[in-house]
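Novice: Position chain B relative to chain A; hints supplied.
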Amino acid sequence: MIKLTPLYDFHLTREGKIVEFAGYYLPIQYPTGIVAEHNAVRNNAGLFDVSHMGEFEITGDNCLQFLNNLLSNDFTDLTNNHCRYSLMLNDNGGMVDDLLVYKFNDNKYWLIVNAGNKDKDAEWVNSHLIKGVNFTDKSDLYGQVALQGPKAEHILAKITDRIPTENYTFIDGVELFGQQCVLSRTGYTGEDGFEIYIPSSIAIKVAEAIELAGKDDGLLCCGLGCRDTLRFEASMPLYGHELTEDYLATEVGLAFAIKMTKPKFIGRQALEQNEPIYRRRGVELIDRGIAREHSPIYDGDNLIGEVTTGTMSPTLGKAIAMVRILKSYKGDTIEIDVRGRRLKAKFVKMPFYKR
Amino acid sequence: MSIRFLKTHEWLNGNKVGISNYAQDQLGDIVYVSLPQVGDKVYAGKSFCEVESVKAVSEVNSPVTGTVVAVNEALNDKPEFINSNPYDAWIIEVEIESEGELLSQADYDKLIA
Numbered sequence: 003m004i005k006l007t008p009l010y011d012f013h014l015t016r017e018g019k020i021v022e023f024a025g026y027y028l029p030i031q032y033p034t035g036i037v038a039e040h041n042a043v044r045n046n047a048g049l050f051d052v053s054h055m056g057e058f059e060i061t062g063d064n065c066l067q068f069l070n071n072l073l074s075n076d077f078t079d080l081t082n083n084h085c086r087y088s089l090m091l092n093d094n095g096g097m098v099d100d101l102l103v104y105k106f107n108d109n110k111y112w113l114i115v116n117a118g119n120k121d122k123d124a125e126w127v128n129s130h131l132i133k134g135v136n137f138t139d140k141s142d143l144y145g146q147v148a149l150q151g152p153k154a155e156h157i158l159a160k161i162t163d164r165i166p167t168e169n170y171t172f173i174d175g176v177e178l179f180g181q182q183c184v185l186s187r188t189g190y191t192g193e194d195g196f197e198i199y200i201p202s203s204i205a206i207k208v209a210e211a212i213e214l215a216g217k218d219d220g221l222l223c224c225g226l227g228c229r230d231t232l233r234f235e236a237s238m239p240l241y242g243h244e245l246t247e248d249y250l251a252t253e254v255g256l257a258f259a260i261k262m263t264k265p266k267f268i269g270r271q272a273l274e275q276n277e278p279i280y281r282r283r284g285v286e287l288i289d290r291g292i293a294r295e296h297s298p299i300y301d302g303d304n305l306i307g308e309v310t311t312g313t314m315s316p317t318l319g320k321a322i323a324m325v326r327i328l329k330s331y332k333g334d335t336i337e338i339d340v341r342g343r344r345l346k347a348k349f350v351k352m353p354f355y356k357r
Numbered sequence: 000m001s002i003r004f005l006k007t008h009e010w011l012n013g014n015k016v017g018i019s020n021y022a023q024d025q026l027g028d029i030v031y032v033s034l035p036q037v038g039d040k041v042y043a044g045k046s047f048c049e050v051e052s053v054k055a056v057s058e059v060n061s062p063v064t065g066t067v068v069a070v071n072e073a074l075n076d077k078p079e080f081i082n083s084n085p086y087d088a089w090i091i092e093v094e095i096e097s098e099g100e101l102l103s104q105a106d107y108d109k110l111i112a
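Taken in sequence, the protein lines are chains A and B.
For reference, each letter of the first sequence is one residue, going 3 to 357 in this note's numbering.
For reference, each letter of the second sequence is one residue, going 0 to 112 in this note's numbering.
So that you can see chain A by itself, here it is in the shape it has in the complex:
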């Protein structure tokens, strides 16, 4: 059964082009279109429905011990009201998911997980629970919106004065329409911005209030299409594309989220025993055309990797791609097979776009 987010009617009213994504009906775009929505976020602001993301609540006396074993990052020095990105590994060193950890206090954390992984994540978390730790899936209680872009703070200030000042921090109990929300300075676009966890019953009211507040600042309602192009330009990985159960966590360019200094965590042993063979890199196409996901990459006759995400970058006006490629490959250029045509591409630095 495909689920509706609390903002479903909000999308219909605005003629969002609805698609099924990770078990939810969500707009891929509004009549404004992916490129206009993308540019609105880069230049002004955009409002996204990200209610499909999962909110897992971890409570109890042994949270830190539990999370430091369950996840690859180290939460020992994470302070209250801060967020930290992490991977959750399987026993083979592959990735069950990537997620954001919110610390409310020593006895309460949230894990924000990918919609498409919610069920298997819940199973995984449950199967590793230890004494003194409780787990509740709160996903169905909350809607979530992301307000992103250089004007996000200015717009948000019109509806609340409780704004987290630092990146990767959050405020719990921000009151909107009489209800308590969680408001963090986080996002998935490469821009400044906020994510707000909203009790479902007032999700539409909050979205409407933000839309109205941003009316004179060029804010657009944005769909999943530009969420993907924005995160891609910012070279942020997307689960199912750059990250999978089968890719070794040390192959995906996220070393900052893997703390081998911790003596023990799930997947650590596998990372110790297996050398990374691939790496994640960025390329720009030299030949005309667009390299899409799964396009194979060659060095002459040798298959050396594949494209994990590729499209025309609206901000840069260039066809770029993230690739999974043999670490041993030393050339400066590659050939990407796009439906039988070999397109030449050169390595470029990531992130492709930085604000």
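Each hint should be verified, as a subset may be incorrect.
Capping the alpha-carbon separation at 20 Å, the derived lysine to aspartate or glutamate pairs in EDC-like fashion look like this [claimed, not checked]: (1) A/Lys122 / A/Asp93; (2) A/Lys320 / B/Glu79; (3) B/Lys54 / A/Glu17; (4) B/Lys40 / B/Glu98; (5) A/Lys5 / A/Asp121; (6) A/Lys19 / B/Asp24; (7) A/Lys133 / A/Glu59; (8) B/Lys54 / A/Asp230; (9) A/Lys320 / B/Glu98; (10) B/Lys77 / A/Asp289; (11) A/Lys346 / B/Glu49; (12) B/Lys54 / A/Glu22; (13) A/Lys320 / B/Glu72; (14) B/Lys54 / A/Glu286; (15) A/Lys320 / B/Asp76; (16) B/Lys54 / A/Asp339; (17) B/Lys54 / A/Glu295; (18) B/Lys54 / A/Glu308.
Label-pair distances were calculated between CB atoms; the ranges are [claimed, not checked]: (19) B/Val56 / A/Leu305: 15 to 23 Å; (20) B/Glu72 / A/Pro33: 24 to 32 Å; (21) A/Leu305 / B/Glu72: 28 to 36 Å; (22) B/Asp108 / A/Pro33: 15 to 23 Å; (23) B/Val56 / A/Thr78: 45 to 53 Å; (24) B/Ala105 / A/Glu22: 27 to 35 Å.
By construction, these hints were calculated from the structure, which means they are not laboratory data.
We put the CB at the ideal spot given by N, CA and C, even for glycine.
Specialist: Chain B only, in chain A's frame:
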């Protein structure tokens, strides 16, 4: 002869070929068109080029059989012209030998209604 359409949303106007407003709207922002070359043969109902939007690739079928006599090179730099002016943004011009199964504007409008 006025504009006519293939069921797969391409138009023929005179001897120029493009894609319909409905097609461009379904595709979304078009970012690349793989143009054929002058002299290429095209076949009615068969793909002769690909149009790529940010999210998808779509094949474009030829309404006619014949030989390409001109390609709209302007689409190399401004593929988004197809979104803004789908009926001016011709892709190829063909020396026509025969036509495929074409619909009148009225019949096409019924198809997409």
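Novice: Are the hints correct? Go through all of them and say.
Specialist: Structure-based check of all given hints:
A distance of roughly 15 Å separates the Cα atoms of A/Lys122 and A/Asp93; the hinted pair therefore holds under the 20 Å criterion. The suggested pairing of A/Lys320 with B/Glu79 holds, with an alpha-carbon distance near 14 Å, which does not exceed 20 Å. Between B/Lys54 and A/Glu17, the direct Cα distance comes to roughly 19 Å. Compliance with the 20 Å bound is thereby established for this hinted pair. The hinted pair formed by B/Lys40 and B/Glu98 meets the criterion: a straight-line CA distance of about 14 Å does not exceed 20 Å.
With a CA separation close to 14 Å, the supplied pair A/Lys5 and A/Asp121 stays within the 20 Å bound. The hinted pair formed by A/Lys19 and B/Asp24 meets the criterion: a straight-line CA distance of about 11 Å does not exceed 20 Å. For the suggested pair A/Lys133 and A/Glu59, the alpha carbons sit about 16 Å apart, so the restraint of at most 20 Å is met. Only pairs whose Cα atoms come within 20 Å are accepted, and B/Lys54 paired with A/Asp230 is accepted, the gap being roughly 9 Å.
With a CA separation close to 37 Å, the supplied pair A/Lys320 and B/Glu98 exceeds the 20 Å bound. Note on B/Lys77 and A/Asp289: the hinted pairing holds, with a Cα-Cα distance of about 17 Å set against a maximum of 20 Å. Taken as a hint, the A/Lys346 and B/Glu49 pair is honoured in the structure, with Cα atoms around 19 Å apart against an allowance of 20 Å. A hinted pair counts as satisfied when its Cα atoms are at most 20 Å apart, and B/Lys54 with A/Glu22 qualifies at roughly 15 Å.
Simply put, A/Lys320 and B/Glu72 have alpha-carbon atoms about 18 Å apart, close enough for the 20 Å limit, and the pair holds. This hinted pair checks out: B/Lys54 and A/Glu286 have alpha carbons roughly 18 Å apart, not beyond 20 Å. At roughly 12 Å between alpha-carbon atoms, A/Lys320 and B/Asp76 fall within 20 Å of each other, so this suggested pair holds. The suggested pairing of B/Lys54 with A/Asp339 holds, with an alpha-carbon distance near 18 Å, which does not exceed 20 Å.
Under the criterion of a C-alpha separation no larger than 20 Å, the hint pairing B/Lys54 with A/Glu295 is consistent with the structure, at around 11 Å. A hinted pair counts as satisfied when its Cα atoms are at most 20 Å apart, and B/Lys54 with A/Glu308 qualifies at roughly 18 Å. The given range of 15 to 23 Å is respected by B/Val56 and A/Leu305, whose C-beta atoms sit roughly 22 Å from each other. Between B/Glu72 and A/Pro33 the Cβ separation comes to about 30 Å, which falls inside the hinted range of 24 to 32 Å.
In this structure the hint that A/Leu305 and B/Glu72 lie 28 to 36 Å apart at CB holds, the actual value being about 34 Å. Between B/Asp108 and A/Pro33 the C-beta distance comes to about 20 Å, which sits within the given range of 15 to 23 Å. For B/Val56 and A/Thr78, the Cβ-Cβ distance of about 47 Å falls inside the hinted range of 45 to 53 Å, so the restraint holds. The hinted range of 27 to 35 Å is satisfied by B/Ala105 and A/Glu22, whose Cβ atoms lie roughly 34 Å apart.
Consistency with the previously given hints fails for number 9 only.
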